[in-house]
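Chemist: In case you want the letters, here they are:
Protein chains: 2
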Amino acid sequence: MYKNIKVIAFDADDTLWVNEPYFREIEGEFAKLLSVYETENKINQELYKKEIDNLNLYGYGIKGFVLSMIELAIEISNTKISPEEITKIINFGKEMLNKPIELLEGVEEVLKLLQTRYKIILVTKGDLLDQERKLKKSGLMKYFSHIEVLSDKKEHNYERLIKFLNIDASEFLMIGNSLKSDVLPIVAVGAQAIHIPFHTTWIHEQISKEEENDSYHTISSLKELPILL
Amino acid sequence: MYKNIKVIAFDADDTLWVNEPYFREIEGEFAKLLSVYETENKINQELYKKEIDNLNLYGYGIKGFVLSMIELAIEISNTKISPEEITKIINFGKEMLNKPIELLEGVEEVLKLLQTRYKIILVTKGDLLDQERKLKKSGLMKYFSHIEVLSDKKEHNYERLIKFLNIDASEFLMIGNSLKSDVLPIVAVGAQAIHIPFHTTWIHEQISKEEENDSYHTISSLKELPILL
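Chains as they are written, first to last, in the numbering used here: chain A, 12 to 240; chain B, 12 to 240.
With the rest of the complex left out, here is chain A (with noise of 0.2 angstroms):
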């Protein structure tokens, strides 16, 4: 299934290092914040909503997520939210972006393993300086011989890359941890995708169970990736 690939594309956010789970413990502060208005659950909702409702605006990654919180910081409130509760909101952010980089379990090996035998880039969403910054933090950019950080992982981002990269989508295989962003489009447009599941999914990345379909391998940790190719 994977003998004429040329370039393997990794995912960044919870496939190479923890993501997710950073913005899980945010939104829990969150709620505590501003629990003397409203339920927890209620909360996530609430904010799980804010933020779709902002995503065409702010796009993907912290900036966007702290401007979201305060505006429903206020809003659940009823204005009732003081400036230093504001302060920390800002401040939940700075240290989002501030946070040390921790890789997943076997990325460095599989990675050196891989760049003698393919070309390595990373693709990834969001926001283009945090991406880079925690690429530099991370130690791995020697490994990649292209960066590419998209506003969208739909199948027209993929094929405008694909194409960039001079090759057939067939010799393109991305491995990631989001089926809706790393997997389907890149099946839907001709290339090959391996899924490796994290813990933490943001609901926004989540999946029906019919939408899964066996054109792609899963696996359970990168350690695997080596003997499936």
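Among the hints, erroneous ones may be present.
No copy is singled out in the list; a pair is fine if it fits within one copy or between any two copies.
Quick list of in silico lysine-lysine cross-link-like pairs, DSBU-like style, CA-CA up to 30 angstroms [stated by the list, open to error]:
id, residue 1, residue 2
1, K147, K60
2, K191, K14
3, K153, K43
4, K60, K99
5, K174, K123
6, K43, K61
Please keep in mind that the hints were generated in silico from the structure rather than gathered at the bench.
Model the placement of chain B on the given structure of chain A, informed by the hints.
Modeler: Chain B in isolation, oriented as in the chain A frame:
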């Protein structure tokens, strides 16, 4: 001077379309909002300081600008600012993100003319999604064979781009309104540059007189470009 050019790169904001005046406009609104606490002059100075303090963390773009305004409003008001006023600041940002695109004079004619003889690309810095959206709104997408959004426009960013384009630095011509970002680093890496000053320049992009030199041309409008080439 411009005989061996293979790729012409255009900056976007204030080179192809109006951008900086929108920031000035919102800075004015912001100062008015805080006018009970401080003079407009002092607020402008402090906002610039705050943006520079946050630049490493937030990067360029409207979302970081809004977060800096909120942070400063809380500080300058000594936490007296109301949630309603913070909502106004959030809406300043949304208004900016939704602005229509106003092309500068001659842009479309010049791109149409040059695309037959050169590879034309767009090289801008800032927020990925916002820049992509502006390009889409501008109707200019069809003229560019490649879009590069950089997290910054320093020498190393340009070196990497020129290497990626697989050309010699001397075959690369950059056109833009910022001496600091579009011209001086370009000349420093051995590529060529043409400066088109715009009437409004952010202080951060301004340079001292002695940094100017004669290794690039200055024209007053994009319409003069074809004559130079």
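Chemist: Between copies, within a copy, both or neither: which fits K153 and K43 at Cα up to 30 angstroms?
Modeler: neither (41 angstroms within a copy, 49 angstroms between copies)
Chemist: I want to check one pair: K147 and K60. Are their C-alpha atoms no more than 30 angstroms apart within a copy, between two copies, both, or neither?
Modeler: between (32 angstroms within a copy, 26 angstroms between copies)
Chemist: How would you label the pair K60, K99 (within, between, both, or neither) given a Cα cut-off of 30 angstroms?
Modeler: Classified as both; 21 angstroms inside a copy, 21 angstroms across copies.
Chemist: Which holds for K43 with K61 at a C-alpha limit of 30 angstroms: within a copy, between copies, both or neither?
Modeler: For K43 and K61, the Cα distance is within 30 angstroms both inside one copy (18 angstroms) and across copies (28 angstroms).
Chemist: Could you figure out if K191 and K14 sit no more than 30 angstroms apart (CA to CA) within one copy, between two copies, both or neither?
Modeler: Within one copy only: 24 angstroms inside, 48 angstroms across.
Chemist: Indicate which option fits the pair K174, K123 if close means a Cα-Cα distance not exceeding 30 angstroms: within, between, both or neither.
Modeler: both (26 angstroms within a copy, 24 angstroms between copies)
Taken one by one, the earlier hints fail for this structure only at number 3.
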